[in-house]
Every structure is written in structure tokens, then in C-alpha cells.
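Chemist: Those protein sequences? They're chains A and B, same order as listed. Residues 0 to 445 (numbering that gives the first Met the number 0) are what the first sequence spells out, left to right. Residues 0 to 445 (numbering that gives the first Met the number 0) are what the second sequence spells out, left to right.
Read the hints as simulated data drawn from the structure, not as lab findings. Hints are not guaranteed to be accurate.
Unchecked claim - Pairs of lysine-lysine, BS3-like flavour, derived with a Cα cap of 30 Å:
id, chain 1, residue 1, chain 2, residue 2
1, A, Lys21, B, Lys443
2, A, Lys202, B, Lys393
3, A, Lys393, A, Lys343
4, B, Lys358, A, Lys68
5, B, Lys358, A, Lys393
6, B, Lys443, A, Lys26
7, B, Lys168, A, Lys393
8, B, Lys26, A, Lys443
9, B, Lys443, A, Lys61
10, A, Lys68, B, Lys444
11, A, Lys21, B, Lys444
12, A, Lys26, B, Lys444
13, A, Lys443, B, Lys68
14, A, Lys444, B, Lys443
15, A, Lys443, B, Lys61
16, B, Lys202, A, Lys393
17, B, Lys343, B, Lys131
18, B, Lys26, A, Lys444
19, A, Lys358, B, Lys393
20, B, Lys358, A, Lys67
21, A, Lys61, B, Lys358
22, A, Lys168, B, Lys393
23, B, Lys444, A, Lys358
24, A, Lys67, A, Lys131
25, A, Lys443, B, Lys67
26, A, Lys358, B, Lys21
27, A, Lys67, B, Lys67
28, A, Lys68, B, Lys443
29, A, Lys358, B, Lys67
30, A, Lys443, B, Lys21
31, A, Lys358, B, Lys61
32, B, Lys150, B, Lys81
33, B, Lys68, A, Lys444
34, A, Lys21, B, Lys358
35, B, Lys393, A, Lys393
Claimed, not checked - Where chain B lies over chain A, by a calculated footprint (3+ residues, C-beta under 8 Å):
id, stretch
36, 33-43
37, 70-83
38, 361-373
39, 385-399
40, 417-426
All residues carry an ideal CB built from backbone N, CA and C; glycine is no exception.
Protein chains: 2
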Amino acid sequence: MNFIVIGGDAAGMSAASRAKRKNPELKVTVLEMTQDVSYSACGMPYNIADAERELEDLVVRKADVFRKKQGINLLTGHRAEKIDPSDQKVSGVTVDGTPFSYPYDKLLIATGASPVIPKIPGIDLPGVWVLKNLEDGRRIKQWIREKSVGKVLIVGMGYIALEMAEACKALGLEVVLVKPRNRLLPWMAEELADIVRDELESKGVELYPGQSIERIDSEGDRLSVKTATAALECDMVLVAIGVRPNSEIAARAGLLLGKNDSIAVDRQLRSSDPDIYAAGDCSDAFHVVTGEKTWIPLALRANRAGWAVADNVCGTLVELPGIAGTAVFKVFDMQVARSGLNVKEAEAAGFSPVEVVIKARSRAHAHPGASSLWVQMIGDSTSGRLLGAIMLGKEGAAHRINAVAVGLHQQMTVADFSQADLAYAPPFGPVWDPMLTAANQLLKKL
Amino acid sequence: MNFIVIGGDAAGMSAASRAKRKNPELKVTVLEMTQDVSYSACGMPYNIADAERELEDLVVRKADVFRKKQGINLLTGHRAEKIDPSDQKVSGVTVDGTPFSYPYDKLLIATGASPVIPKIPGIDLPGVWVLKNLEDGRRIKQWIREKSVGKVLIVGMGYIALEMAEACKALGLEVVLVKPRNRLLPWMAEELADIVRDELESKGVELYPGQSIERIDSEGDRLSVKTATAALECDMVLVAIGVRPNSEIAARAGLLLGKNDSIAVDRQLRSSDPDIYAAGDCSDAFHVVTGEKTWIPLALRANRAGWAVADNVCGTLVELPGIAGTAVFKVFDMQVARSGLNVKEAEAAGFSPVEVVIKARSRAHAHPGASSLWVQMIGDSTSGRLLGAIMLGKEGAAHRINAVAVGLHQQMTVADFSQADLAYAPPFGPVWDPMLTAANQLLKKL
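With the sequences and hints as input, model every part of the structure.
Modeler: So this is what it looks like as C-alpha cells:
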């Protein structure tokens with residue numbers, strides 16, 4: 000049986016490896032358009048931050064290991080362009096222009112997501128970058144080094160933009176962040192977003208919210224980014240305003256698209272064609288809080304979906320319960336974590352959200368070295384259910400959020416969550432964990 | 000209505016404050032035998048570690064605040080000695096020898112726990128200490144300072160013993176730990192206990208497991224601790240071999256005792272006399288994994304039980320689901336966390352426990368600064384249920400355990416837990432959180 004995988008990153012290589020391990024008789028072919036497979040894309044900002052390190056450090060497993068040790072027919076430089084579901088064939092062209100076509104019995108689309116690129120004059124000038132794959136990372140790093148970049152302008156203020164701001168600061172660069180909308184991190188309570196803003200500004204990052212980029216001009220060795228009210232000079236522009244699913248190949252094959260034009264899949268990761276699976280950033284998923292489809296491109300769910308596809312292709316039926324939208328990122332010294340729905344998402348899903356924001360200490364009363372920890376918690380006033388939480392602090396936010404995630408998977412009420420027997424020791428938090436304090440406060444409003 | 004509380008620490012003061020807040024008409028009297036109320040007992044080792052700090056730093060709320068601002072009749076220096084359930088009276092004697100007797104309508108016993116003191120010759124010598132209350136902490140600190148203590152011998156290797164070892168090392172003292180049984184931290188897998196041992200030894204702590212203390216002798220300014228095979232010289236002895244519930248007053252009143260002679264209470268925290276509640280370290284609790292009674296003296300459940308008693312006394316019916324036995328402590332640079340049952344406890348409760356121990360990284364592949372994180376996870380091969388976990392590492396163990404705790408409250412299976420959408424970012428862990436890796440490995444054995 001031919002199992003073909005389009006895309007050789009998180010979901011694709013997870014599926015290929017697991018399928019071949021489960022069923023060594025299976026013919027597994029991976030079509031990857033770049034030369035890189037199985038790397039930690041999320042690690043790119045941290046790698047770029049360190050001029051001494053090579054991007055290759057991020058490669059988890061080299062292509063030849065997949066080929067020689069695992070027996071996977073891994074074809075790099077192969078761009079899949081067309082799926083023919085009736086003939087069960089996938090075709091495309093290699094990097095040197097040779098067309099190819101392969102028959103499949105089961106196909107996995109794991110094409111990931113791509114940065115959204117605004118259609119403005121100057122977006123294709125040298126020195127204007129997006130961070131999509133390892134090759135982009137190499138080029139950005141090379142550009143910074145060779146052009147003696149002193150000032151970077153980042154378009155966007157999402158978590159990749161913020162991680163890149165930190166990375167560029169670590170390299171000693173001046174950093175300017177620009178975005179069209181006024182609110183920084185609009186999915187969190189404004190008082191929390193203000194804390195992130197203060198953290199950025201205290202580290203010397205310049206913020207220009209509410210500024211639409213109209214054009215980019217090249218002026219000698221410099222770039223000039225024009226907004227309605229300002230012209231911002233810099234040596235490099237990085238565009239990080241968001242990503243969109245790479246679902247074009249699926250759309251052309253007539254497969255059903257879902258949220259944000261991601262490929263619609265069922266709990267077994269099957270697309271509208273039962274022989275074609277989709278997994279990772281290109282596909283949608285069920286949200287455990289709403290029970291509805293959502294599109295949240297993150298690494299764990301890609302890996303997990305890749306495994307589930309492998310199991311299903313090999314005949315072990317696996318259905319995924321879904322995702323909680325749990326995410327964490329670091330902004331300089333601050334940890335930002337979330338799980339579940341924010342207020343807007345909760346309203347859109349038909350809940351009656353009520354929220355609290357509490358500020359607690361990261362360590363016990365009188366324990367030295369404590370910092371503040373903020374918890375925004377959201378519950379449904381109709382059902383009493385816990386809907387989501389956002390946490391922020393210099394310590395203790397990143398791993399605490401997992402307790403909320405588990406509670407959301409179990410569709411716990413705020414009342415039940417407030418009774419959880421959480422850990423306490425003076426170096427790690429107050430007796431009443433900040434999550435419990437938030438739940439107790441939220442209960443009063445429900 | 001007279002609500003009397005015996006004991007002015009975590010459970011007692013939580014109950015008194017909340018009851019008075021909920022019902023200002025209530026006459027709330029607290030009988031506390033020491034002069035100290037409402038202090039962070041768990042913070043004592045960390046306070047002792049810092050010669051510059053006063054034990055008073057640990058006082059969360061001063062006695063006069065309870066008296067004047069909250070209107071609680073707080074009587075310090077009052078040792079309750081007898082409860083008369085038929086007459087609904089509690090009597091005792093003050094620190095200056097005056098007898099007292101008060102009638103109650105509702106009574107809360109919140110007498111806490113006391114260190115177990117071995118009956119060996121020399122246990123009452125000057126320089127032999129237990130760490131029970133703030134006054135002990137003051138005396139120990141004074142002794143170390145005034146006697147120019149250079150070497151401390153700690154009897155016991157539980158978490159208070161280990162925290163005190165770290166505290167004494169911070170003061171520049173030589174530290175020797177002695178215990179009768181061979182295994183350090185016998186509730187965790189031996190390979191995990193070995194890591195804790197290595198951490199202690201690398202910090203210069205001398206360990207003597209498998210050594211029963213037979214006697215302590217005073218030799219001039221020094222103490223000599225005799226075991227079957229050794230005589231260990233030191234300037235101070237600290238006994239920390241465990242605690243037992245202070246349930247004598249309850250037993251004398253004919254109340255039912257439960258696990259480890261703690262006061263047996265129902266989910267509303269009522270003892271066998273419905274007008275007498277018990278909460279905190281002196282009482283038992285339901286374990287959410289077994290559904291059976293257990294006795295685990297820890298701070299959060301004491302505070303929570305205090306609140307529940309207040310609610311019930313004030314007429315708002317509250318039933319507590321129980322505890323998961325979640326605990327965390329720090330041993331020098333190592334975080335040790337647990338929740339749920341260990342293998343032995345699981346067997347005793349009638350489960351068929353299966354365990355895995357996995358070693359993961361605390362940060363993502365190729366992310367700098369990673370250390371190791373170990374997870375021991377225990378599941379039931381009959382039901383597939385998650386029974387407990389123990390985690391260990393220099394970072395990421397303390398707060399991660401809360402996800403396990405929530406899962407245990409929900410009686411999740413290992414399979415369901417393995418599907419949790421946990422947080423990932425390179426600075427905070429691998430894509431597959433170590434808890435998920437453990438769950439995935441455990442699933443293969445179930």
C-alpha cells in the first residue's frame with residue numbers, strides 16, 4: 000500500500016515515521032518542497048537570537064535518517080501541485096523542473112501554514128522578510144550579519160513578532176514594532192496587554208500600534224516604511240502579521256475547506272475524501288470547549304494529528320477529542336500562557352462569558368524573590384463552565400496553564416475547578432494557587 | 000450563636016475569618032495555645048535560612064487585626080484541654096494558669112499536627128529541636144546564632160528534613176541527615192530518589208540512611224548522636240521524622256478517629272458529633288482517587304477545609320470533593336512534585352498499578368539551558384485510570400503537577416490524559432510535554 004505524505008515537517012514526518020514503524024510493509028513517500036525536514040520551526044526566533052548558532056541545530060532528525068534508517072522514501076525538493084482524487088494520484092514538479100506523479104492508496108496533506116503577506120508596494124524589496132521555514136531563517140541571519148543591520152522594523156505584534164523582537168534585541172539591534180490595530184494582544188484583558196507592553200518598552204522595543212503600513216521604499220542601503228502618519232527608517236523589515244493554512248492544493252482537488260479556509264477534517268483526520276487525510280497547520284480541529292471546528296495552528300496538535308493519521312492508515316482506529324487552544328510564549332522576562340476561549344470567542348460560541356482578572360504573587364507570603372502573576376479567568380454564567388484562562392508573569396505562568404487545559408478537556412465547571420488540590424510550597428506560589436484564587440473570585444460573579 | 004475554634008493557624012483562622020465575614024452577628028472565639036496565629040508554617044525553613052530575617056515576617060495577619068478589624072474574639076495563650084459534647088462546652092487553661100470554660104453552639108477543632116518525637120535517651124537535651132511552630136523557629140534561629148553552631152544533625156529525610164538541610168546549608172553549616180530506613184523518599188521510584196540523593200550530596204549534605212538513632216549524649220558544648228554503628232558529633236539536632244494529628248482532645252471527647260488517628264470527618268467536615276467540625280492537619284479527608292479516607296497534612300486543604308466549615312456553620316452547605324495528595328517541595332536546585340497515589344498506595348487501595356519513569360528535557364530540542372525532567376506516572380491496568388505522578392527536575396516540575404492533580408480529580412484515564420492539549424514553547428518544554436510522553440509510554444503497558 001502506498002501512503003504518500005505532502006509536507007515534511009511536524010505533522011508529515013510524525014505520520015510518516017509512525018506509519019512506517021507500525022507497518023514496515025507500508026510504502027511511505029514524503030514529498031517536501033524545501034530541502035529541510037523535521038525541524039523545530041518554533042525554535043527559529045531563539046536560534047536567530049544567537050549569532051553563534053547554525054539553523055541546522057534545529058533539525059531534529061536529518062533527512063538521511065528517515066531515508067536509510069527508517070526506510071521512508073523522502074523526496075526533498077518536490078513540490079506537490081495537484082491531487083487527483085479519482086485516479087488517486089499526486090503530481091508536481093521538482094526543484095530542478097522535472098515533473099513527477101505518484102499513485103497513492105492513502106494520502107496525507109500536511110502542507111502547514113504560510114505567513115500572510117500584505118499586498119503593498121515594496122513588499123518584495125530586498126531586506127523585507129517573512130519567517131516561514133528554515134531557509135528563511137538562514138537568509139535572515141545572513142542578512143543581519145552581512146548588511147550590518149542596526150535597526151529592524153517588525154510588522155505585527157502577535158507572538159512570533161514578539162519572539163522576533165526579543166531575538167533581535169538579543170543581537171543588539173534596535174527594534175520597532177508596527178501594527179494596524181490599536182490593541183496589543185487583543186485576545187487578553189487590556190490590563191494584561193498593558194503589562195506586556197510595559198515589558199516590551201522597558202526592554203527598549205518601540206511600539207507603533209494603530210499604524211497601517213502603506214508602502215515600503217528603498218532609500219540607498221536603508222528601507223523606509225510608510226504609514227499614514229509616519230515614515231520609519233530601518234535596515235530590515237520582518238513581516239509577521241499572521242499565518243494562513245496552505246490549503247490551495249486541497250481546494251483545487253475539491254476537498255471541503257473549513258475555518259479560515261483550512262482543510263476540514265473529521266475526528267479521524269479524514270478530509271471530505273476518506274482516502275485523503277489532513278493534519279497540522281493546514282487543517283482544522285474540534286475545540287474541546289465549544290465542540291465546534293476551529294483553526295489554531297500549533298505544534299503539538301500537528302504532531303498528535305500526524306500520529307493519529309499514521310494509526311488510522313495502519314488500521315488502528317484513532318479519534319482525536321480535539322484541542323483546547325493552549326499556548327505559551329515568552330516575551331523577554333515575561334511568560335504569557337492561555338488555554339480555551341477568550342471573552343470574544345466565548346460570546347461568538349454562544350456562551351455568556353463572565354471574567355475576572357486577579358493579581359497574585361509568584362511565591363508565598365514573605366518568600367523572597369516573588370514577582371506578580373496575573374490570571375484572567377473566563378466562565379459561562381449559564382452553565383457555570385470554565386471556558387478559558389490567560390496567565391502572565393515572570394515565573395509560574397507557562398506550566399500552570401496545563402491545569403486549565405486539562406480542566407477544559409473535562410468540561411469542568413468553575414466550581415469544580417476551584418476545588419482542585421493544587422500544589423503548594425513557598426518557593427512556587429501562595430497556599431491558594433493563583434488559579435484557585437481566580438476561580439474563587441469568578442465563582443462570585445457567576 | 001457561639002462558634003468556637005480551637006487552634007489559630009491555617010484551618011482555624013480561615014474558618015474564623017470567613018465565618019465572621021459571612022455572618023457578622025456570629026460570636027466567633029478562637030482559642031490558641033501559643034501567642035502566634037496565622038503564620039506561614041511552611042515558610043519556616045526558608046526564614047531560618049536567612050539570618051537577617053525575623054520569624055515575624057511569616058505572620059500573614061497579626062492577632063490585633065483579627066481582634067479589632069474583624070471582630071474575632073481571639074484568645075492567645077489559651078490551651079483547650081477538654082470538650083464536653085453533651086454540655087457543649089470547651090474548657091482549658093491559660094498560659095498563666097487560669098482555667099477557662101466557654102459554651103459553644105458550633106465548635107471547630109483545628110489543632111493541627113505535631114512532630115513525632117522518638118522516645119530515646121537524650122531527646123530532651125538542650126540543642127535538640129523540633130520545628131513545630133513559630134516559637135520553635137525563633138528558638139532554633141537563636142540557638143544557631145548564640146551557640147555558634149557549626150554542624151547540624153537532622154533526624155529524618157522527609158521534605159521538612161530536606162528543606163531544613165537546605166536552610167542550614169544556606170547558613171553555612173555542615174549538615175548530616177540520618178534516618179532509620181534505607182530508602183530516601185521511598186514513595187518515589189528508586190531512580191528518582193537517587194537523583195535527589197545526588198543533588199543533596201553534590202551540595203555537601205552527608206546522608207546516613209539505614210541508621211536508627213539509639214541515644215543522644217551531651218559532651219560539653221557538643222552533642223553526640225549514637226546509632227548502632229556510629230557516633231555522630233554535632234552542635235545541634237533537629238528531629239523531623241514526621242508528624243501526627245493532634246487529635247487527643249477529640250479522642251477524649253469520644254469523637255471518632257480515622258486514618259492515623261486523625262479526627263474522622265464527613266464531606267461537610269463534621270466529626271461524629273454534628274456540632275463539632277474538624278479541619279486541617281488534625282483531621283482526615285476523602286482521597287479523590289480512591290474515594291476512601293486518607294490523612295495528608297498539607298496547607299491548602301487546611302485552608303480550604305476552614306472555609307468550608309465557615310460556610311457550613313453559616314448555613315451555606317458545602318461538601319468538599321476531597322484531596323489528591325498534591326505536594327511540591329524544593330531540594331536545593333531540584334523541584335520535587337507529586338499528586339495522587341504511588342505504587343504502594345495504589346496496591347493498598349486495590350488497584351493494579353503499572354508505572355513508567357521517563358526522562359525528558361525541560362526545554363525544547365536545541366533550546367539552550369535545558370536540564371532533565373523526570374516523570375514517574377502510575378496507571379491502573381484494570382480500569383486504565385490515571386492514579387498518580389511524581390515529577391523531578393531543576394525547572395518545570397512544580398507547576399506541571401497541577402495538570403495531573405486536575406486529571407485525578409476528574410478520574411481521567413491515562414488515555415484521556417494523553418490527549419490533553421498542553422502548552423508548548425521552546426523555552427518551557429518539548430513539543431510533547433513530558434507528562435504526555437509519560438502518559439504515552441504508560442499506555443503501552445496498560
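Chemist: So, for every hint listed, does it hold in this structure?
Modeler: Hints and how they fare:
1. For the hint pairing A:Lys21 with B:Lys443, the CA-to-CA distance comes to about 13 Å; that is within 30 Å, so the pair holds.
2. The straight-line distance between the Cα atoms of A:Lys202 and B:Lys393 is roughly 27 Å, inside the 30 Å bound, and the hint therefore holds.
3. For the hint pairing A:Lys393 with A:Lys343, the CA-to-CA distance comes to about 26 Å; that is within 30 Å, so the pair holds.
4. Restraint check for B:Lys358 and A:Lys68: the C-alpha separation of about 24 Å stays at or below 30 Å, so the hint holds.
5. In summary, the hint linking B:Lys358 to A:Lys393 is supported, as the alpha carbons are separated by about 26 Å, within the 30 Å threshold.
6. For the hint linking B:Lys443 to A:Lys26, the alpha-carbon distance of about 25 Å falls within 30 Å, and the restraint holds.
7. In summary, the hint linking B:Lys168 to A:Lys393 is supported, as the alpha carbons are separated by about 27 Å, within the 30 Å threshold.
8. A threshold of 30 Å between alpha carbons decides the hint, and for B:Lys26 with A:Lys443 the separation of about 25 Å falls inside it, so the pair holds.
9. For the suggested pair B:Lys443 and A:Lys61, the alpha carbons sit about 27 Å apart, so the restraint of at most 30 Å is met.
10. Restraint check for A:Lys68 and B:Lys444: satisfied, since their Cα atoms lie roughly 26 Å apart, inside the 30 Å limit.
11. Annotation: proposed proximity of A:Lys21 to B:Lys444 holds, straight-line Cα distance about 17 Å (limit 30 Å).
12. At roughly 28 Å between alpha-carbon atoms, A:Lys26 and B:Lys444 fall within 30 Å of each other, so this suggested pair holds.
13. For the hint pairing A:Lys443 with B:Lys68, the CA-to-CA distance comes to about 23 Å; that is within 30 Å, so the pair holds.
14. With a CA separation close to 44 Å, the supplied pair A:Lys444 and B:Lys443 exceeds the 30 Å bound.
15. As the CA atoms of A:Lys443 and B:Lys61 are separated by approximately 27 Å, the hinted pair is consistent with the 30 Å bound.
16. Taking the CA atoms of B:Lys202 and A:Lys393, the gap is near 27 Å; set against the 30 Å cutoff, the hint holds.
17. The suggested pairing of B:Lys343 with B:Lys131 holds, with an alpha-carbon distance near 29 Å, which does not exceed 30 Å.
18. Distance hint between B:Lys26 and A:Lys444 is fulfilled; the C-alpha atoms sit about 28 Å from each other, no more than 30 Å.
19. At most 30 Å may separate the alpha-carbon atoms for a hinted pair to count; A:Lys358 and B:Lys393 meet this at roughly 26 Å.
20. Taking the CA atoms of B:Lys358 and A:Lys67, the gap is about 27 Å. The hint holds against a cut of 30 Å.
21. Proximity of A:Lys61 to B:Lys358 is assessed by CA-CA distance (about 23 Å); at most 30 Å being required, the pair is judged to hold.
22. With a CA separation close to 27 Å, the supplied pair A:Lys168 and B:Lys393 stays within the 30 Å bound.
23. Of the supplied pair hints, the one linking B:Lys444 and A:Lys358 is violated, its CA atoms being roughly 42 Å apart against a limit of 30 Å.
24. In summary, the hint linking A:Lys67 to A:Lys131 is supported, as the alpha carbons are separated by about 28 Å, within the 30 Å threshold.
25. As the CA atoms of A:Lys443 and B:Lys67 are separated by approximately 27 Å, the hinted pair is consistent with the 30 Å bound.
26. At most 30 Å may separate the alpha-carbon atoms for a hinted pair to count; A:Lys358 and B:Lys21 meet this at roughly 24 Å.
27. Distance restraint check for A:Lys67 and B:Lys67: the Cα-Cα separation of roughly 78 Å exceeds the 30 Å cut-off, and the hinted pair is therefore not satisfied.
28. For a cut-off of 30 Å, the pair hint linking A:Lys68 to B:Lys443 stands: about 23 Å separates their Cα positions.
29. Pair hint A:Lys358 plus B:Lys67 holds up; C-alpha atoms about 27 Å apart against a cutoff of 30 Å.
30. With a CA separation close to 13 Å, the supplied pair A:Lys443 and B:Lys21 stays within the 30 Å bound.
31. Between the alpha carbons of A:Lys358 and B:Lys61 the distance comes to roughly 23 Å, so the proposed pair stays at or under 30 Å and holds.
32. Proposed proximity of B:Lys150 and B:Lys81 is contradicted: the alpha carbons are some 41 Å apart, above 30 Å.
33. Pair hint B:Lys68 plus A:Lys444 holds up; C-alpha atoms about 26 Å apart against a cutoff of 30 Å.
34. With a C-alpha separation of about 24 Å, the suggested pair A:Lys21 and B:Lys358 falls inside the 30 Å cut-off, and the hint holds.
35. Distance hint between B:Lys393 and A:Lys393 is fulfilled; the C-alpha atoms sit about 17 Å from each other, no more than 30 Å.
36. Coverage of the stretch 33-43 of chain A by chain B holds in this model, with 3 residues showing a Cβ closer than 8 Å to a Cβ of that chain against a need of three.
37. For the stretch 70-83 of chain A, the stated coverage by chain B is violated: 0 residues have a C-beta nearer than 8 Å to a C-beta of that chain, whereas at least 3 were required.
38. Counting residues of the stretch 361-373 of chain A whose CB lies closer than 8 Å to any CB of chain B gives 5, so the stated coverage by that chain holds, three being the minimum.
39. A count of 4 residues in the stretch 385-399 of chain A with a Cβ less than 8 Å from any Cβ of chain B is obtained; the coverage claim is therefore met, three being the minimum.
40. Coverage of the stretch 417-426 of chain A by chain B holds. Counting CB-CB distances below 8 Å, 9 residues qualify, and the rule asks for three or more.
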